[in-house]
Amino acid sequence: MGDRIGTITLIDENLVRATIPGSVRMGEVVYVGEERLMGEVIRIRPGLADIQVYEDTTMIRTGEKVEFTGDVLQVELGPGILTEIFDGLGNPLRKYGLFLTRGVHYPAVDPEKKWEFVPKVKKGDVVVEGDIIGTVQETPLIEHRIMVPVGISGEILEIKKGEFSAYDTVAVVKDKEGKKHELSMVQKWPIRTPRPIKERLKLSELLETRTRIIDGFLPIAKGGTGCLPGAFGTGKTVAEHQLSRQSRAQVVVYVGCGERAGEMVELITEFPELTDPDTGRPLIERTIMVVNTSAMPVSARESSVYLGVTFGEYFRDQGYDVLVLADSTSRWLQALREMSGRLEEIPGEEGFPAYLETRISSWYERAGKVRCLGSDERMGSVTIIGAVSPPGGDFSEPVTQATIKVTGCFFGLSRRLAEARIYPAIDPLISKSKYFEDLAPFFAEKGYPRWVEDVELLKGYILEGVRIKEQIDILGDAGVSDRDYLAYQLSLMIRDSYLVQNFFHPVDGATSLERHYFMLEFLREIIEWAKKLETLGKEKMREKIAKITYELIQMNYQKDYQEYAEKIRKELLKE
Amino acid sequence: MKKIYTEIRQIAGPIAEIKGTMGIGNREIAHFPGYGIGQVVKLAGDTVYIQSLRGTLGMSTRQPVYFTGRPLMIPYDSELLLGRRFNGVFEPIDGKPPITSGKLVPVIGSVINPTVRKMGSGYIQTGIPGIDGANTIVRSQKIPIFKRPEEDVNKVVGRIIRQAEVNDRKPFVVIFGGIGLKYEEYLYFQEVLNEAPERTIMIINLASESSIERLNVPHICCAIGEQLALEGKHVFIVLSDMLNFANALMEVANAQDKIPARAGYPGDLYTKLAQVYERATNLGGDLGSVTILGVVSVPNGDITHPVPDLTGYITEGQIYIEHDKVMVLKSLSRLKQLVIGKETRHDHPAIMDACIKAYSYSLDLKEKLSMGLEITQEIDKKFLKFGDLFENEFLPVHQNRTMTETLDLAWDLISILPLEVLGIRKEISDQFYRRKEAA
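As you go down the protein sequences, you meet chains A and B in turn.
My numbering numbers the first residue of the first sequence as 223 and each following residue consecutively.
My numbering numbers the first residue of the second sequence as 1457 and each following residue consecutively.
Hints were generated in silico from the structure; no laboratory data involved.
Here the structure is a predicted model, which means the values were calculated and not measured.
Check before you lean on any hint, since a few could be wrong.
Stated by the list, open to error - Computed far set for chain B versus chain A, every beta-carbon distance over 12 Å:
#1 GLN1466
#2 ILE1555
#3 LYS1638
#4 ASP1836
#5 THR1860
As the list claims (entries may be wrong) - Partner residues aside, some chain A positions facing chain B, computed with beta carbon under 10 Å:
#6 LEU320
#7 PHE454
#8 GLY484
#9 VAL520
#10 PHE726
#11 ASP730
#12 LYS769
Note that CB positions come from ideal geometry on N, CA and C, so glycine has one too.
In isolation and in its complexed conformation, chain A is listed as follows (with noise of 0.2 Å):
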């Protein structure tokens, strides 16, 4: 489209202002200069077009050209992405060399590779978007699922089976009007656009995460969302990672957006290697990675939330449990406030504009259990938990605050609990689920009938401990009953022992849930016999508590932990 050339008129780090051919639309990509970096419309005004870009603008020039494409950002959805790693526009990062070249872009789905296309359905059917018409095994564990587009139905005029490229034509629809709609594996979304689904539904299933803070006090649900605002060093990343790596999803997207590369390398490094304890499968077979570093393009970290959760709105189309992580959300939004202020906008609180909080709710919106469009009734979920870095560690700022407002669960990291080297650092006094009434129903189906009894019990130790000990601190040892001191030193040791655990031990670092109900039995045992000690003085029962204590963190570290809590009860607990 020769007409559709425009010319630079401004240029202001990644901001680029470019004179408008004919007409313009909003969030349409073009690109920028001989170098062809990408560029997206993000204001328009009398004539002009304000752009951003998402490469480095070195050594653009006034005077180059702009062409306008007449699209808005747009992935493609295809076989092939799981395992990927793309930046955040969907390149796929692993087809770059040593350093990353501007102006250089390859599509997100491999043209190259070849897949088997089993169809699903036969010629003479008729189909509606969001019917699978066929499926690829594209990991040993993931079918992938290939679906009509939105906006198609009508009858199979054609369907092919066998080895095909991802951009193979495998379908011929005949629409209503008689229009003939030639079918791919592959399709093209905008990615700002939520892909649209038949029915929102309500949230009753647990998300396993095998965190034991979480699981326990924090539960939430598939389809739930989640917010882990934290001051640096207090584990956000760590806790992303573990997330990523024993959560019970299907399919993991995870975002790294403008944080640091070595904590990407170190998922890529060992995601092929870390193996998923029920399928024995790499972890990487059912992932996808979305990697904007610190180090990359500013603007191109806004794109990468979109795009990760794209991603997790399509397998939830096929049908899957997704979860979608994103480290930092903060880093999208400082983004943000950058090009806002680049534009001039009046600002807001902090400098953010004043649309921070609909980008945030928004964005967290495109979570949930749905019903899939389709005629098989099938359900999906995206869930979404998003790392916050609070400027100073400080929760009032306006990103952690719309956060917060909008997400289901708040995991609220605590320095005080970091420094103590008390990990994960979750404070379970600040951060709240409200999933946990919801899910009461889904414990006890699982068949832990007293789940929710023993969570609370625990809950009730560990604020009661913050009482006391804000009394021992004033007042001593012998300031506080011999009775709360017991319950002080219950306190730790369920802290210690419950709480606390190593994420990165293979054992300790994955908590099933059978796993975890016996915890929670075992320590109400504990607790039950623990009354006993009440008569034998401070520092007696301090001993006691503290053996039990150690032994329980043995046993975190146990496969066979039944006959580990046996040994305990048999050698402690019989007095």
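Based on these hints, arrange chain B on the given structure of chain A.
Just chain B, lined up with the frame of chain A:
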């Protein structure tokens, strides 16, 4: 093409505006004869905004300007660079001639593809137990030293430059980037680096020199470091003081009327700091690595100040130094688990973990004491004793020990505590623990 313009329309702070020109590139280098160089920071229509690295005091509106057609680049030749000293625009300050041969490398280069980076491996031994033992610096790590502005850490930094060693056969180079150094500090570091010219390079911007030049110092260090790493060397970049770098960023942003985000600092401070620290990398194979240690003054000791705060989010841990001691409880090396117990002696994680826990507990007890509470339990008295020993023998920075000596020292100290309270695995304690009675 070197077109000369002699009409400066406006000067604001370090930024000069020229009108009536097209075809100038973003971040292109311009020359102001008699003033040194400048860099294009913004282009609007036919107006070019140039940031003069030497400042603009005395600059006339008739000052000629010509453009070089390329961004900031430096000539690179590792043979010629070792042992040399340069300023923030890469002019020699050691009395030797400028480097004119070698390939030209951009000071702010392309981003290294995250998928080709390798996990950190190997460590840098500084000889200081509070660092090597408790907060081991892994090669390719980026880590700051946080300190109060009044704390003089130059001697520690000098010690680290002198004592640093890698546990690998590949050659090792230390690049020192001085950002806003006082003259006597410059003389001190020059002395330190002159002791080993064969393995050091120095890029210096003095406090008396233009603050804009400070912005290039870390990038020049990194550009050289990256090239050396591509040649298979391990590079250790030491930058001091990164607060001055951030303050220079603020100056430039204000001159451009940018809306500040927090405490006067621009909204892209995080990105600008990350562009430096993220150049720390392990390339693996036959290639080398770049490790970055940045000294950061923490204004008023408040780590929620934007500069230490954002630095903390970017770097992989932090080392706090206060009163010539490593504050181990506030310090952290996020990468140490990649090497400790694997490339160091196998008891390393267990013994350091036990020491830190015991030390932390001893501080709790100390606090109780200071509030007038009595410590009655015998075991608590032993913890207090351990706390003092640890603080006075392990944490002081002015030491030089090998990794083995550091770990042995830790065992020596902890052995005054009974084994039962330490939670150390039996197979390790059997080998290293030796019970001693608290004196």
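Determine which of the earlier numbered hints do not hold for this structure and return their numbers in increasing order. As far as the earlier hints go, 4 and 11 are violated by this structure, in ascending order.
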